[in-house]
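Asks: Residues per chain, in single letters:
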Amino acid sequence: MKVLYTWGAILLIVLASTTGDILMSHVMKRVGDVHSAARQCGFLTVLRRILSNPLFFVGIVALAVAFYALLFGLSWNDVSLIGPAAAALTFVTNAIAAKIFLHERVDRRRWIAALLIAGGVVLLAV
Amino acid sequence: MTLRKYLVLVSVTICAAVGETLLARGMKQIGNISPRNLPSVIFAVTNPWVALGILFLLGFFVTYNTALSWADLTYVLPATSLSYVLLAFIARFMLHEQISATRWIGILLISSGVGFVTQGPALTAGPEAANVEAAPETVATGNKS
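The listed protein sequences derive, respectively, from chains H and G. Read in order, the letters of the first sequence correspond to residues 1 to 126 in the working numbering. Read in order, the letters of the second sequence correspond to residues 127 to 271 in the working numbering.
I should point out that these hints are in silico values taken from the structure, not numbers from a laboratory. Be aware that one or more of the hints could be misleading.
Cβ pair distances, simulated, as ranges [said to hold, decoys possible]:
| hint | chain 1 | residue 1 | chain 2 | residue 2 | range |
| --- | --- | --- | --- | --- | --- |
| 1 | G | ASN163 | H | HIS35 | 41 to 47 Å |
| 2 | G | SER166 | H | TRP7 | 20 to 26 Å |
| 3 | G | PRO165 | H | LEU115 | 38 to 44 Å |
So, partial list: chain H residues that the calculated Cβ filter (under 7 Å) puts toward chain G [unchecked claim]:
| hint | residue |
| --- | --- |
| 4 | MET24 |
| 5 | ASP33 |
| 6 | ALA98 |
| 7 | GLY119 |
| 8 | LEU123 |
Interface residues of chain G toward chain H, partial, derived using beta-carbon atoms under 8 Å [as the list claims (entries may be wrong)]:
| hint | residue |
| --- | --- |
| 9 | GLU146 |
| 10 | ILE159 |
| 11 | ALA177 |
| 12 | THR192 |
| 13 | ASP198 |
| 14 | LEU199 |
| 15 | LEU203 |
| 16 | LEU212 |
| 17 | THR228 |
| 18 | ARG229 |
| 19 | GLY232 |
| 20 | SER238 |
Remember, predicted model here, so these are calculated numbers, not experimental data. Note that the Cβ used here is the ideal one computed from N, Cα and C, for glycine as well.
Modelling step: build the complete structure from the supplied sequences, incorporating the hints.
Replies: Here it is as structure tokens:
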């Protein structure tokens, strides 16, 4: 049961946080650099611009699901397993999803970085 | 990349590691939660360690979204992954765990991955970038009409 709950939680964290990350990145890219935007038209305008995008709240829900899945997982197993395992998988799923949905140019440098880090995170968990 | 942007990335890294450590400490106190007893996970947030952890994760959320406003997701995620290394060091010094040879290799791999990605461009140039430039103006004209 412990193994099932632990990996079920990890799978849910990966799916939910990938969804949340993609949505948040999309929303923030629409707003643009918040520092220069805030200097131009004020902090409140920037905040309103972020909050007026419904996808922001869908992203929050996804991240909340990931958060509670993490709490559930942590109640069954160590942070040194769940944190790295979920993170390593999320690096790979995010690189794929960012390429497909955000049209980011995931070049060889970024792939190598994502795989190096995912591998390193797995080694931390061993 | 300006100094301010690097500071934002450093804040993301620190908030993530400290927040997760605090959550783990709180959940250790609370103990196992079975799926039959799932609503009790909601009350976990009343534990002081969990609450403090959430405060740090809020800081993480704000700085992380700031970074996403000027850098690609596939840049921000690797660039802030030193938080896992920091997490390992916190475990070493707070929980007095030994860092094994495998973990050192893991730390080395992560650090080289971070070094690798931060050498490259932070934002995808091209039609996507043009969209970003256009977006604020669209909003501004929308407000006027």
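Asks: Indicate, hint by hint, whether the structure satisfies it.
Replies: Against the structure, the hints come out as follows:
no. : hint                             : verdict
1   : G:ASN163 to H:HIS35: 41 to 47 Å  : holds (45 Å)
2   : G:SER166 to H:TRP7: 20 to 26 Å   : holds (21 Å)
3   : G:PRO165 to H:LEU115: 38 to 44 Å : holds (39 Å)
4   : MET24                            : holds (6 Å)
5   : ASP33                            : holds (4 Å)
6   : ALA98                            : holds (5 Å)
7   : GLY119                           : holds (5 Å)
8   : LEU123                           : holds (3 Å)
9   : GLU146                           : holds (6 Å)
10  : ILE159                           : holds (4 Å)
11  : ALA177                           : violated (12 Å)
12  : THR192                           : holds (5 Å)
13  : ASP198                           : holds (5 Å)
14  : LEU199                           : holds (4 Å)
15  : LEU203                           : holds (6 Å)
16  : LEU212                           : violated (11 Å)
17  : THR228                           : holds (5 Å)
18  : ARG229                           : holds (5 Å)
19  : GLY232                           : holds (3 Å)
20  : SER238                           : holds (6 Å)
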